[in-house]
Each structure stands twice: as C-alpha cells, then as structure tokens.
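K.L.:
Protein chains in written order, with the working numbering: chain D, 1 to 468; chain A, 1 to 468; chain X, 1 to 468.
Check before you lean on any hint, since a few could be wrong.
[As the list claims (entries may be wrong)] When the alpha-carbon atoms are kept at most 25 Å apart in a straight line, the in silico DMTMM-like pairs for lysine to aspartate or glutamate are as follows:
(1) A:Lys339 <-> X:Asp76
(2) A:Lys393 <-> X:Asp7
(3) X:Lys339 <-> D:Asp327
(4) X:Lys101 <-> A:Asp350
(5) D:Lys393 <-> A:Asp14
(6) D:Lys393 <-> A:Asp350
(7) X:Lys463 <-> X:Asp448
These aren't lab readings, by the way, just hints derived from the structure by calculation.
These figures come from a predicted structure and were not determined experimentally.
Here are the chains, one letter per residue:
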Amino acid sequence: MPLTDPDRLFPYDDALRGLARALYSSIQTLPILSPHGHCDPQWFAQNKRFPNPAELFVTPDHYVFRMLVSQGVSMDDLGIPRIDGGPVEQDPRKIWQLFAKHIHLFHGTPSGLWLNHSFEHVFGFLEPLTVENADDYYDHIDTTLAMDEFRPRAMFDRFKIDCLATTEGALDDLRWHKQIIQSDWSGRVITTYRPDAVVDPEFEGFVDNLARFGELTGENTATWDGYLTAHRVRRAFFRDHGATATDHGHPTARTEDLPQDEAAALFAKAISGRCTLAEADAFRGQMLTEMARMSVEDGMTMQIHAGSSRNHSARVFASHGRDKGFDIPRRCDFVDALKPMLDAVGMEPDLTILLFTLDETTYGRELAPLAGAYPALKLGPAWWFFDSAEGIKRYRQITTETCGFYNTAGFNDDTRAFCSIPARHDVSRRVDASYLAELVASGRLTEDDAFDLAKVLTTDLVKSAYKL
Amino acid sequence: MPLTDPDRLFPYDDALRGLARALYSSIQTLPILSPHGHCDPQWFAQNKRFPNPAELFVTPDHYVFRMLVSQGVSMDDLGIPRIDGGPVEQDPRKIWQLFAKHIHLFHGTPSGLWLNHSFEHVFGFLEPLTVENADDYYDHIDTTLAMDEFRPRAMFDRFKIDCLATTEGALDDLRWHKQIIQSDWSGRVITTYRPDAVVDPEFEGFVDNLARFGELTGENTATWDGYLTAHRVRRAFFRDHGATATDHGHPTARTEDLPQDEAAALFAKAISGRCTLAEADAFRGQMLTEMARMSVEDGMTMQIHAGSSRNHSARVFASHGRDKGFDIPRRCDFVDALKPMLDAVGMEPDLTILLFTLDETTYGRELAPLAGAYPALKLGPAWWFFDSAEGIKRYRQITTETCGFYNTAGFNDDTRAFCSIPARHDVSRRVDASYLAELVASGRLTEDDAFDLAKVLTTDLVKSAYKL
Amino acid sequence: MPLTDPDRLFPYDDALRGLARALYSSIQTLPILSPHGHCDPQWFAQNKRFPNPAELFVTPDHYVFRMLVSQGVSMDDLGIPRIDGGPVEQDPRKIWQLFAKHIHLFHGTPSGLWLNHSFEHVFGFLEPLTVENADDYYDHIDTTLAMDEFRPRAMFDRFKIDCLATTEGALDDLRWHKQIIQSDWSGRVITTYRPDAVVDPEFEGFVDNLARFGELTGENTATWDGYLTAHRVRRAFFRDHGATATDHGHPTARTEDLPQDEAAALFAKAISGRCTLAEADAFRGQMLTEMARMSVEDGMTMQIHAGSSRNHSARVFASHGRDKGFDIPRRCDFVDALKPMLDAVGMEPDLTILLFTLDETTYGRELAPLAGAYPALKLGPAWWFFDSAEGIKRYRQITTETCGFYNTAGFNDDTRAFCSIPARHDVSRRVDASYLAELVASGRLTEDDAFDLAKVLTTDLVKSAYKL
C-alpha cells in the first residue's frame, strides 16, 4: 500500500465515492493557483538547493515543531534559534531523528497527511517514517535535494504552479522578485503588499518604519496626506512586481471611518509614539478603510486576516521570538467591526475584500450573511488551523447555504512549507469534490453543475478574486 | 429527471435511505401548520391573482434578490423601489430575465431548492430555469397565475395549509383578517401580536405610535398602568382575530424585571423621547417580562426572535429602506439575558416562551440546557439563514441530546414567499425523517418510536406550542 | 431485540461498521479508568445495598429529573427534598411510576441510552420501561438490589473498574476513603482535592471555612503564607488517600499571576469578607496559578472545569438548593484568561493541566491550539452535556486536526449515577472506535495505527494524564 491512499478524503458509500472520484479527476491535474502564502522569493531568485531534510520539513515550519514542543520536546533540541544566540542543536540529522521519534503525534492531523504526501509524491517513499528508517529517510531526501530536478524552480514547475504569491512588508525592496522577473525563468512569482509594519502603531519600530517609508517613497510621511500618498506610491511599486493584492494581519476586524481631520490627528498621535492601546486600535481600523478606498482606486484585492493572538507565550517570545507556534485564535466579531468600512465602500461592485477568520462560529452567523449581501465582500477559504479535511468540509457545509459558492474565493495554501503546496491543494480539491458529490447524491445539485463548479472552485473563483 | 429529486435530502446508504423514505412517507401529506410567518393577509382577503412572476418570486423576497446584489447587480435593475421614488426597472419581464441570468448563484442554497420545488410542484416545470428558457418560464407562470386555481385561496387549499399565522403590528386594524373571517372561505388565517412599534423606544415614531395605541384602546397610554392595560386590550383584540401567540423581534435577548415604580419611571422617560440607548434597551427588556406575565394571564404563546442586526448597510437603508437583505445575525447571549424574565415566570408550567436564535453556538451551550430545565421554555425551530438542510440537521444533532424532542416546537416557515411554503415544510420533514432514521440505524431509537416522533415533530408539537 | 443494539453508535456503511466493530472489540472489555467523578465513597466504605429504584435512578440524578421538570412535572412530586423541609413525595414507587410515565422524553438523549444500558446490562431487562410495566420494573430492580452481588463493591468489581476517583472538598475528613483503604476489599477508590470552598470568596461560609482549614492543618490561615502552606499540607493529606489530582470548578477560566505582596493584600481583603465581586474573581484567578505552582512541586494533575452558570433559577435555588439541573453553560474564553497562569508555568514539561469546557466553540478556536503548543496543557474529554454520541464525535472531529490525539486525556464519566458508569465508558469507546474507523476508511490513518490508538485513548492517555 502506498503512503497515501488514492481514495483518501472521499466519502465511504460506493456510489458517492465514485462520483467524488470522478469530480476530483476532472480537476486533479489543473495548475495550482497559490494567491496567498509565505514562501521565500529568494528560493526562486537564487535557485539554490534546499539545505537538508530538517531545514526543509522541521525547523522552518512552526506547525510541525510546535506539536513536538506540546509534548515536552525542547526547542533547543529541535535546533530552533534562540534570541540570545545561545546554543541549540546544530546537527540536522539529530533533529530529524528527534522528529521521526515523535511522528505518531501527527496521526489524524493535516500535517501528517501533508508530510506523507510530500514523502511519497515528492521523494518517492512508500513506507512511513519511523525511528528505524529515520536515517535512510534522511539520506534519501538529502541526496535527492542535491539533484537539479529538486531545486526550487524545477519543483515549482513540476508542481504545476501557475502563479505563486509571496507576502512582503511595505519596506521590502522586492529584490528577489525583481531578480525573478529579470531571469530567464518563466515561473510566475508575485508579491503582495503587507503594510502592517507601517500601519500598526504597536508594531516594533513603527516610528522608524515610517521614516524609512518616507525615504523609500520620497513622501513626507510625517503628515497624514504624505503618509497616504506614500502608501499609494508603494502600492504602485508592488504592482510593478506583480502584486494584485494587499494583505492585512490585524488582531481584530475593527474598522473606522473617521472624518479626515480626526484621522489626521490620530495619525499625529501615533507617529509621536504617544497613542494609547485604544487609539492604536482605532488607527489600525481607520487604515483598513483607507486601504479599501485605495483598492477602489487601484483595483488591488484586499485581504483581511483577523483574529490571531500572536506570540501568546511570553516565555517563548522572550527566548525564541515570533512565529514559534504560539499564535492562538481568539473570538472575533465582524458585524459591528466592519460596518464603518462597509458603509464607506461595501457597495462598490468592482472592489474585492476577502475576509479570513480563525473563529469558525462567524462563518454562518456573520461572514456568509455579509458576503451574501455586500458586493465588495467575499469569503476567503478556511484558514490556518482549519485548512484541513474537516475544516474545509465545515466551511462548505456552513457557508454555502447562505452565500452560495460564488461569494467564496477558491483555495489558499498560505504556507511557508514549499513541499506541502501540492498536498494542501490536493486536500482542498478532494474535499470540495466530496462536498459536491454529496450535494448531487442528496438531490441538491445536478451532476453537470457539479462538474462545472469543481472547476469554478479550483480555478475561476481564484482568478477573479485575485485578478490573476 | 424531474427538477427535484424524489429522494432529495435523504441519507445515501441504501438501508438508511429506505427507512428515511418510509418515515417521510408517513408524514409527507400531513396538513401544513404554519404558526409563524409574514404572508400578507390581504392576499387571502381579496383573493386577487398574483401580479406577475417577478413580483411573485423576486422583488418581494429579499433572500432571493440579495444574492444577485451580492454579485454586483443593482437594486434599481431588479426593480426594488427607492426611498426617493427615483426610477427603477418597471418591466417585470426584464427583471425576470436578469434573475434567470444569475440563477447559478443559487446552486447549493436552500433558495435554489425552494425555487425548483415551486417551479416543478406549483407550476409544472421539468427543466431548470436558464437564460434561454427565461421567456418561456415567464409566459407560463404568468398565464398560470391568471387561472382561478392559482389565486391565493385556491393555492392555500391545494397546499393543504391547515393554519397560517401572519404577523401584524399592535396598531394594525386587522381588517383583512376580519374580512377573511367574515368570508365564506374556510381557510384558517390567523394573526400574531407583534408590538415592537409600541415597545421599542428606538422604533420610528414611537411616541406617535403610543398616542395611536391609546386611541385604539381607549386607555391612557401616557401612564405606565394605562400603557400595560392597552396591551391587554389589544392582545384580546388580536385573540378575537385568531391570534394564539405574540412575537417580539429584539436586537438582543435582554430581559429585565424591575420594581414597578422603576419600570414606570423608565416608561416615562421613554415616552418623553429622552431615554438613552441603554435605557431603551432596558425598557425593551422590561417589556419582554411584562409580555410574559400577560401570557401567563391570557395564555398566549410568546415568541422571542433575538439577535439580528437590522439594516446593516447605511447606504442601502438610506436608498431603499428596511428589509432589503442586509439584516446580519450577531452574537447573542441568553444565559444572563433571560434570567430576570425566567426568575419571574420561568417555572410556570402553563406558559410557553419560544426562543429563536441566529447564533447557532447558543443551541448546545445555552438554549438546549435552558429549555431542558425551565418548564416555560421551548426551542423554536432553526431560524432564517438556518432553516435549511444543513441548518436543520445541525439543530437536531446539537439540541436533541440535551433537551430531547419534546422541548422543541416543530417547524416554522417564517416566510413572505407564499409559493415556498410547501417547499420549506417538505425540507423540514425530509431532514427530520433522515435524522430519525439515523438514530434508528445507530441504535439510539426504536423504529416504532421513530414513526411516532415523525408525526410528533410535524404536527403535535406545533399544535401544543401554539395552542392550535 | 435487546434493549441496546449491539452495533449502536457505529457508522452505517457495512465496511466501515465492520472496522468500527473490530476496533471496539479490541477495547470493549478493557478495565474502566474513572479518574474524575462524583460517586459517594460511603457506598464503597459501608457497602450497604442501594435503597430502591427511585433513589438509584431518579432522585439523585438531576440530569434525569430536570427533563421531567422541563415538561412541567413538579419537583415535589418527584420527591426532591425542599430547603424548607416541606412535604414532598415519599413513596419511591410513585416516583418511579411518574418517571416511567415520562420516559419518552429521553428519546434520542444520552440519558435514554445510559438508562437502557443499565436496565439491560445491570438488571437484565429486555423490554423498554413503560407505564404498563413500571411496577414490574420496580419490583425486579428492588429485589435485585437486595442481593449481595448488587451491593456497591460487587458492582464495582463486576463493572471492571480499575480505579474510581471521587471528589472531596478541602475540609473533608476523607473518613470513607480511610475506611476503604483499611478494609479487606481491593477496589481502588481514590479522592481528588477540590478546594473551591476555601478558594472562592463567594462560596457560602468562606471565612468560616478558612478557620476550619487552619484547624485541620495547624497553619495560620489568616496569613497568605499560612494559607498557602495549609493548601500544601492538605494536598499531601489527600495524596495519602490516593489523590493524584486536584479539581477546580470556576465560573470562568480567569487566571492571575500577581506579585506576591498584591496577592497577599487581595487575600487579606477576601478573608475580611469585604472584597468586591471583581476582587473575588481576581482572587480565584490568582489561586489557579498558585495551585498550578503547587502542582509543579507535588506532581498533582490539575483539572479546571470552567464556564458553568450555577443555580440559574433563583426560584429553584431558593426552594430546593444546589445541583437541581439548573446549571447552564455560558460563553467561556480561555486565550486571555489563561495567559497569566501559562506565562508562569505553561512551559513546564512535567506539569499536567487539564482543561474542560462547556463552550464547544472553544475546542477548535482556543483549546486545541493552546494544547497543541503548551507542554503543560492537555484537553479534558467532552464534558457534561457533551459526553454524548454527537458531543464526543464533534470533540474528536474538531480537536484532533489541531492538537492530535496525544494532547487529549481519554474519557471521564464525571457522574454520580453509579450504574451509568459502564454505559458511559461504552459510549465513549464506541464513538472513538467509529471515529478511528472513519479516519482509516478515508485514508487518514493506517489500520494498525487505529488499533494502537484505540487502546491509547481508552487506557494509556488516562493513566499518563492522571498518573494512575
């Protein structure tokens, strides 16, 4: 038996499984559109080999190593760099062995499924990883990575990625994107404008960031008007490097639409470094509306990723810094929070604002009703902890009845784990195919419409939502 | 293949499907009890033909046209009247064609299922509506509506509606109900007492409404005692026109049980037009308890529909007014909110208060535990966005284990779309039959009990909850 | 047909059912570990016969009698003692008949399943309880209870209970546990340290309780240090009577980690009886962190049961007191609430804190992400209203993908209904077996891993979480 079941994630009933399989077959080999994620553009610019199995699968992926940490494995033993530069494990083989020893923790998890998919479909393994074969696994992956066909660009092409969006801060010089564009490689790697560092007064170095923002744009970012113009300039720069979208990671979905003189006064406080937590929150909210207005002007799709309580453990944040698996979702309300922005731009037919949530209770109660009414709103796909078999199924079951399929936006992998991209899209396609098959089998959809929709969900809605 | 699958919404497994079908067959043709909804009593009083297909299916039903609006279709092109009386599309055929062009938006939605059910079972169509056949559809429906058998009373009888409750404001003269009662037609169309306009200090024209309330009842509604008496008088008037229930649409489930002198002082503030938002909210809460106490006196069932954020879009409210598809659910808490009312009347064995929610998270956490304890409380059925195949299934799966079947109240269609009534009850019967079949198949219920319960859910619980 | 279907709670699809049955068979007869519950240790210390059917099944179990109350049956007629000592039904046969008359209320509920399981597997009934056979049922149970094989210790042994934890307050003298330990019976009945009465300033008699706490421990509980030492002393006393865990029933999950001088000042206020509601809440929060620190010292597992709104009905509380079926879950947030405690001890690899919730929305949004990161945290099983077929299924479907199986802690029955213990564990085993079978059938788990996990969930995780 292979590592991955060819019929994985399909329904059990024979007839239903047959239909799900047929629907999946019709979309299985469609090119991958990855309109939002966190891959490193340097990989594709330089096209160097990936260093070793541990640095490919374990240490950069906090959704893998946090599971070991949750069972008492120390980050030091996993080679996760410390803030104080203190000693951590340096031997990738030892890290890999520690990972193999705890592979059972991933039973029943999406990470487990993605790992097995990569092991089989990228590296050709047929046996699951165990303590016993950990060294063989390591050697085989390491040898394979040395081959030209396993360099980033070759993998990108083999994965049939039609377009991959990365995410860069507003101050990024986009050198890797420029290098990719100027190269002879035809792969489409585009950037996304993520201005949190110059929008969030609580961001580390916010005031310095604004100064740098001014230098980069030649605008006077000490004034509200200059600051807004700097965004316009920078958005255009990002569009020149392929960007079709912006992205906003906020603790809540709060928006504001203050009179411009009040917004300017709030900005003055923020830039002075003297604004309160409440004022910082209001400023972030104001900036979502400003960004939405700029999207009406320049056509960029706007993504709002709200509701993560970042760096929850003070101890881990102090010892190891950001992005170490301690980002915890929190309750997130959208109905009142989005109203100021929606009153400003919600009825614009050519604007696209994509909403992402980590609070599944908002799917049916808030997001689907909102997306099923406002022309400017669409639902982003199931996000983060929920881009899993059960998570995507719940997403479809809860949202479709209220906002239909056409107010959704296809799939995002949102990953920094490059090898998992085909695995993640495959899961999404299988779950959608199964959902469509169930609608047909229960008389809620014709078979013809199901085949059409399978392609719409995989391709068409992504292209239109992100203008690809 | 017909437009609607004869086995729609049943489980896929053969044995299970057979049992679900048998259970459904036992209730399929039972008369419809529609104890809560928003049909227009004028239809049945005057018995005029429905004007045309667009005015039957599209323009009055904001849960149809909002889906087109969400994809950028303008309300003007859909013929939705403007507040300013500005020009909107007047040709019902053009509106119908625009609707047909976007019919794919309803794939996988309950609206889609209800529309197809009406098209096939009311108008005899066997092909789905498309752009190509839109004119044929229009002509056929229009011709059919001209026939005597398709006038409102004939349809009411053919739909086998045993009782239909409409909903009227406290100031309504109930002329259409009187006309129906005095007519030679035997159809049972009853009213429901909905006093929001004279209970909610934030309602448009509240103070004027109270004056009118005084005129209608001959009570001095400028005093707290006179005001309460006016409610008693008006409730009796509604009972004379068939009402067995009251209905209360509040933004939250807040209740209060203030000492009567404090309640009187709050009323004095409200009637002076000077109460704050917080005081208005408290007054609404107080009135729920007062209404519950009157229900103990006069036996009327009390319905609380809480948790909708009405008219969310300021722009749409300004241009097109209320009920345009922009009512968005919000989080709603019941545990603390209902305590004052429940401390006052919750243990009354002969009182029935029906709770409806748009926040599904409260089913298992709050509503089922409350209904499974307090004699006065029962759960209303899945409401609004959730009276769908998946919504009703979730409702049963989450509530039954905690409060059983007997603390629920059967089905409500809650619709103003007359032709969808049989479709909606059919969905409910199919989903309940499927749920019962699953309980039997998983050893949680005997087959005999399942057949008994199918009828209990369809008929008995509705009759007892609404005293029909 | 027997009262309980041998294939109950398994999936319907034949192949899937076969696998679920095989998985269940592999764990069906494993000994029961009951690490948290509310049985009375006196039963096993004295080993007297259970008095009669009504006192075995109805009057002590508020999750049975509340269902009758919810349909208007009076507590007096059910023989529930009144606070004022007023007359209530004394004839257990009449109570039993009233119970039998309403047995249909339990259709589709876990109570119904547990009752039938006990009726068949403990008392040998093959026909469901009805009004007609209520007297025969009564007589048979009553006669059976008179047999030596149906005394508490014999039932404990026949149920194959390997370990049963009861729950005692900090002031309990543990006399029954001492008597069990000193007896010649080998059954393992252990206590659990539940200090709410000396931790919660709002608890009835808190100040007196602290005085008694001082007497029992010989510590000066009028000082913060003495008070903390008293807890240490008392925890050791409980450990001497078998305790491996503490338990904390708080209205919310709030924790605090104040500087010790501020904590001492808060304690001084609490002991003076003058602290505000907010200060009482803060003090409870502080004590969770203190208890966690003591658990780091002494190795006791810490259980937090948060989010119940106890004694919701003021009228019932006044007439009949605590634990009468009117405890209602409320919304409960963990992310911010637990942060102070987690910042203090969350990364301790040898500490185990088990979190229980009545708010299922927190499974995926908060608890699984937290347990999937912090070494000290594990998820307790589905609790109270949710330790049911659907509840446990939702628990697995929502938590597993984010925190895996190994951050959970097996099953708790948490009951005071002794005869239901085998029934409850049986439900859990069947639902887990079915869940594992579905993972296998959908290619998310190998069959070998599923068999391993079935045992891990039933036994290993309980033993490790509770150090049994």
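K.L.:
Would you mind marking each hint as holding or not holding in the structure?
P.N.:
Do the hints match the structure? See the list:
Proximity of Lys339 of chain A to Asp76 of chain X is assessed by CA-CA distance (about 23 Å); at most 25 Å being required, the pair is judged to hold. The hinted pair formed by Lys393 of chain A and Asp7 of chain X meets the criterion: a straight-line CA distance of about 23 Å does not exceed 25 Å. As the CA atoms of Lys339 of chain X and Asp327 of chain D are separated by approximately 12 Å, the hinted pair is consistent with the 25 Å bound. Taken as a hint, the Lys101 of chain X and Asp350 of chain A pair is honoured in the structure, with Cα atoms around 19 Å apart against an allowance of 25 Å.
The hinted pair formed by Lys393 of chain D and Asp14 of chain A meets the criterion: a straight-line CA distance of about 23 Å does not exceed 25 Å. Between the alpha carbons of Lys393 of chain D and Asp350 of chain A the distance comes to roughly 43 Å, so the proposed pair goes past 25 Å and is violated. As the CA atoms of Lys463 of chain X and Asp448 of chain X are separated by approximately 22 Å, the hinted pair is consistent with the 25 Å bound.
Hint compliance for this structure: hint 6 alone is broken.
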